[in-house]
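**Student:** Let the sequences and hints guide you as you build the complete structure.
Protein chains in written order, with our numbering: chain Y, 1 to 145; chain L, 146 to 704.
Quick caveat, the hints were computed from the structure, so don't treat them as lab data. Treat each hint with caution, since some may be false.
[Unchecked claim] Listing some non-contacts, in silico: residues in chain L with all C-beta distances to chain Y over 10 Å:
1) 176
2) 285
3) 339
[Said to hold, decoys possible] Here are the in silico distance ranges between beta carbons for each label pair:
4) 31(Y) to 540(L): 45 to 53 Å
5) 621(L) to 111(Y): 40 to 48 Å
6) 79(Y) to 326(L): 50 to 58 Å
7) 96(Y) to 384(L): 24 to 32 Å
8) 541(L) to 77(Y): 52 to 60 Å
9) 78(Y) to 165(L): 40 to 48 Å
10) 111(Y) to 637(L): 44 to 52 Å
11) 77(Y) to 384(L): 20 to 28 Å
12) 72(Y) to 165(L): 49 to 57 Å
13) 111(Y) to 361(L): 30 to 38 Å
Everything numeric in this text was worked out from a predicted model, so none of it was measured. Glycine included, every Cβ here is placed at the ideal spot set by N, Cα and C.
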Amino acid sequence: MSDKNTHETATDGGATRAAQRHQNTDYLNEEVNLLKPSTAYMRDHLRIVWAGFVAWALIVFGPVTMTAIAPEMMTTTMPVLGFPWHYFLVAFCGPTGALVLAAIYARQRDKLDEKYGIEHTTGDPETGEHGDSGEAAATDGGVEQ
Amino acid sequence: MTVPLQAEALDISFKLVPAIIVFLMMASFLVIGYVFKVADAEGMWVAGRGIGNIENGMAIGANWMSAASYLGLAGLVALSGFYGLAFIVGWTTGYFVLLIFLAAQMRRFGKYTAPDFVADRFNSPMARALAAFTTLLIAYVYSVGQARGMGLVAQYVFGLDIIPMIVVMMTITVGYLALSGMLGATKNMAVQYVILIVAFLAGVYVVGFTGGYSTVLPQIEYGALFSELSRQFSEPFIGGNGYYLWVATAFSLIFGTCGLPHVLVRFYTVKNERTARWSTVSGLFFIMLLYWAAPAMAAFGVDLFAAVNNLSPDAVYNGQQAMSGAEGDVIVVLAAQFADLPTWFVGLVAAGGMAAAIATTAGLFITASSAVAHDIYSELINPDATQRQQVLIGRATIVGIGALVTVTAFNPPALIGELVAYAFSLAGVVLFPMFFLGLWWENTNRQGALAGMTVGLLLWITSIINSVLPAYIGALGAAAGESGALIPIYAQYVPPIGAALVGTPLVFIVTIAVSLVTPEPPLETKKMVRQCHSPEPMGQQQTAEDIVSNSGGDAPADD
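**Tutor:** Structural data, given as structure tokens:
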């Protein structure tokens, strides 16, 4: 995972603007409401969250619902593997899909932090709670492993 | 409603080598825990700072794998067919919801036991008590499944009848608990995970290979078996297990995952919220290693059951010699036994299941004792409680709950996986809405939380009284009659195993409605919630509360 993009080195203007907006936001004075995101960051974040949630709901409850609606079609046997389709889609694809979505979400979330010029340090209390000091201190500390 | 106790097909006798394996496995947990033990709280923090996402992922996996995953899952897939898959889906995909909505925010909040979170977020000792009571109930119901699992499997190794076996195993569990406490052994969960997953996968691979079912990928190769197994193994929605029950079960397990206190606690030791996110991903992967393989083991077991007993595929499910609930619950061990593998190898597979059950139960008992001694006794009943009194109450709780679990496990109302699922639906109904609303809507207040938790608890308890207790209490049983439930329509839509499908939305509505008509929570509390969503990195040891109380003059928006 690269986390070297501070807002100075961000590749496009949008990222710099986002980082700027982030600098000017006092998150402790912005309301938290899932349905009414109040900061630019949360709006961007919730877009990822809801997209992921919808995809997840389709993967998890889609095949079983289809099986209830069209049992004949769903219980036909798969070529090569030999599973009935409904069984394979639920037993294998559901959990695996959730795993893939989880990795995609975590990746997207890292990108979002890059866009806003946020770096996660190892979490030393000395770096203080605000990103402006963290940015200077953590050019290598945040690299995973 | 109650299920047969003893697994007839299991080879029940004392076996020396497997017994040694069990003791070595348990001893290795203790020794490793002791070697890696940390001297003081500060030491724990320093160690905690070093925990990366792979190691924490394994810890999530070890925490997750109880007898329900190790034994119960394959049992459900073997006995209940397609309905059993609701458990596979429910116990894995919930981690995604946990990841996108709760993991990082919980990490930022900085309080990890359910009672602590609820008390601090809603500023209410009463809410703490309700959360502690729920935690206690969860620990109890969860442990009954574990006790049944360890009793059944231990029969293969130690050869006693089921009832003395359960008593012996619960005694060992309490002894393990005392030893690990005395040695100061913090569980080294990464090692524990490796031991358990190796035992399980070794079983699946070796049974698959020697049975001629599979070579390198049993997780996929068992597909070829479907044409030979009874239709009942894969037929969707048969018997009473319709679409509604399937979805209700999966829903309860998914949102129960997000409400279980012992899952959230795993985010406590990670470096930062980014590690919290990635360790959820790796944790899910490590869990999936078992969940991909469990249905394969179930399929092998069902096929071997028919072969060894000279049954037709359909006779496994119907008729005189059909597979019993107890046999299903030990199908993982039975499959290894049927495949004519050496005793020590079957013992290894059995030992993995017992170790998973003992370690989980020990952890649940600790949670229960702190819920009673700390959250209920010293916070509510006796604020001046001395350390000594608290320790005494804690120990009494462990003895009490241990006895209660043991007795309940003699005559359990359901399969291992189903018993544990009751605990999930309780967590999904009562705790998940508090975590979710508490973190995502700052105006959720004390009154809302109290009302929501009360409604959730009542809904779950009435569901249990309605569908489970009639099998135990004569008067209720008589009132219930044929259907086994006092109010059949309630049992149909709010079954204990799937109570969250109705319950969770209901608790959301109650909590939101009551919060709207009562005063908003104090600004201090709102700021704590806002801090959980701020993208600013936080220090390892900071909680949202610390930041809020220090935020006086140096907030960036001042300029």
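**Student:** Are the hints correct? Go through all of them and say.
**Tutor:** These are the hints, each one checked on the structure:
no. : hint                         : in the structure
1   : 176                          : 28 Å, holds
2   : 285                          : 28 Å, holds
3   : 339                          : 19 Å, holds
4   : 31(Y) to 540(L): 45 to 53 Å  : 46 Å, holds
5   : 621(L) to 111(Y): 40 to 48 Å : 57 Å, violated
6   : 79(Y) to 326(L): 50 to 58 Å  : 56 Å, holds
7   : 96(Y) to 384(L): 24 to 32 Å  : 28 Å, holds
8   : 541(L) to 77(Y): 52 to 60 Å  : 58 Å, holds
9   : 78(Y) to 165(L): 40 to 48 Å  : 44 Å, holds
10  : 111(Y) to 637(L): 44 to 52 Å : 46 Å, holds
11  : 77(Y) to 384(L): 20 to 28 Å  : 23 Å, holds
12  : 72(Y) to 165(L): 49 to 57 Å  : 53 Å, holds
13  : 111(Y) to 361(L): 30 to 38 Å : 36 Å, holds
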